[in-house]
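Novice: Each chain, written out:
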Amino acid sequence: MSTTPRLAPVDPNARSVFGSILAHQPGLAAAFFELYGEFWTVGFSTTRRRKPHGCATRASPTADIDATFASRSWSSAT
Amino acid sequence: MCVWGTGEVEFTSLFYKRSKGGDNVRVDPSANVHLHPYLTALGDKVESACPGRTAEVISNAIRGALGLSRVDIADLTPAETAVHMIAEQFVVDVHGVTDSQFAALKQHFDEPQIVAMLFRMALADGLGKLEKVG
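Sequence order for the protein chains is A and B.
Its first residue numbered 320, the first sequence is counted upward by one per residue in my numbering.
Its first residue numbered 1205, the second sequence is counted upward by one per residue in my numbering.
Bound-form chain B, shown alone (with noise of 0.2 Å):
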């Protein structure tokens, strides 16, 4: 599975809760495998949806934000720099996403594009911070 493009993604952090006692105890062993698939089909389906290589500029902006392993992306273009600009906001403060900076994204992409690319934000952004956290 590749949710969002830089490798595995291990989501067994999401099925232990910490107890009283401070202890992890596994929620349900089966949890993992099989929400799996539903995460792996909605992943792809996702990475599909977002035009040319934004679904990679946004998984590089955002993990590098979280000082996560990314790879390096030549030569963004105007439209692949609006969308990483927008990325490193989401996962920072989302509320500090200006008007300006999405208009900027809207010169460049229509609105199913918009939306594909945003729902990439919030899966790369919560599975990163599940990573680093967990």
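Isolated chain A (complex conformation) (with noise of 0.2 Å):
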């Protein structure tokens, strides 16, 4: 297993971590970013299993959704 990063950034001067290697792929980092961002944003994991411990949150379009499954044991569930 590797100890040191096996990429450069393409920034020199940034530290090769998930971000700064994306960054040789702009386009794909995008798309990427996208799906993950709609992903986690717009309820389908629900607003308990993102902010398990219990953190302030906004209404969001889905809070039905979110309210639902809050009054299930999802926490345990696998």
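Derived by calculation from the structure, the hints in this document are not laboratory data.
Positions of the beta carbon are idealized from the N, C-alpha and C atoms, including for glycine.
Chain B stretches covered by chain A per the calculated footprint, using a threshold of three residues with CB under 8 Å from any CB of chain A:
#1 1240-1247
#2 1311-1324
Sample of chain B residues facing chain A (criterion: CB under 10 Å; computed from the structure):
#3 Val-1250
#4 Ala-1253
#5 Val-1301
#6 Asp-1303
#7 Phe-1306
#8 Ala-1307
From these two lone chains plus the hints, build me the complex, please.
Specialist: Shown next, in the form of structure tokens:
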């Protein structure tokens, strides 16, 4: 297993991490973050799962779905 | 949609959760339809960013390692062989990808190409495992 980054970041002053590596493919990165953002913001993962420690949340377009699932014991679901 | 080169992939199992009673409960009936275009766009961009036949080579290696249906790709070049070896290792144990395997990859491809191919491996690995257990 590698203990050093195998790919250099686009910006030579940046650390070699996921985001800086993705900068090699900006169009691909944009598509990935669009999917990632949609997945995490429109309620397909419940608020309770996203913020299991009770962080304050604003009302979302899927608040009714979140409320439905918040009433169930999803934290122990596998 | 063709996320990884071998045909349609169903994502419905993404949107079921097993309840405490053991039943599969659908999380949101619209989720599959809603995320589909985003996943398609990502898959298409990844596929087009992979050089030559490498997108197909990666899918083939990963589907083979998972015991899923695959197509044969004849006469792999040394560059494609390097990709194939890392893709197989990626799916079996990603921590086992060696520096020498990665060095072989860098002999043939530049960094944007490698990023695209690693993304392809991640998609094919994740969706392949989903197909396997779904």
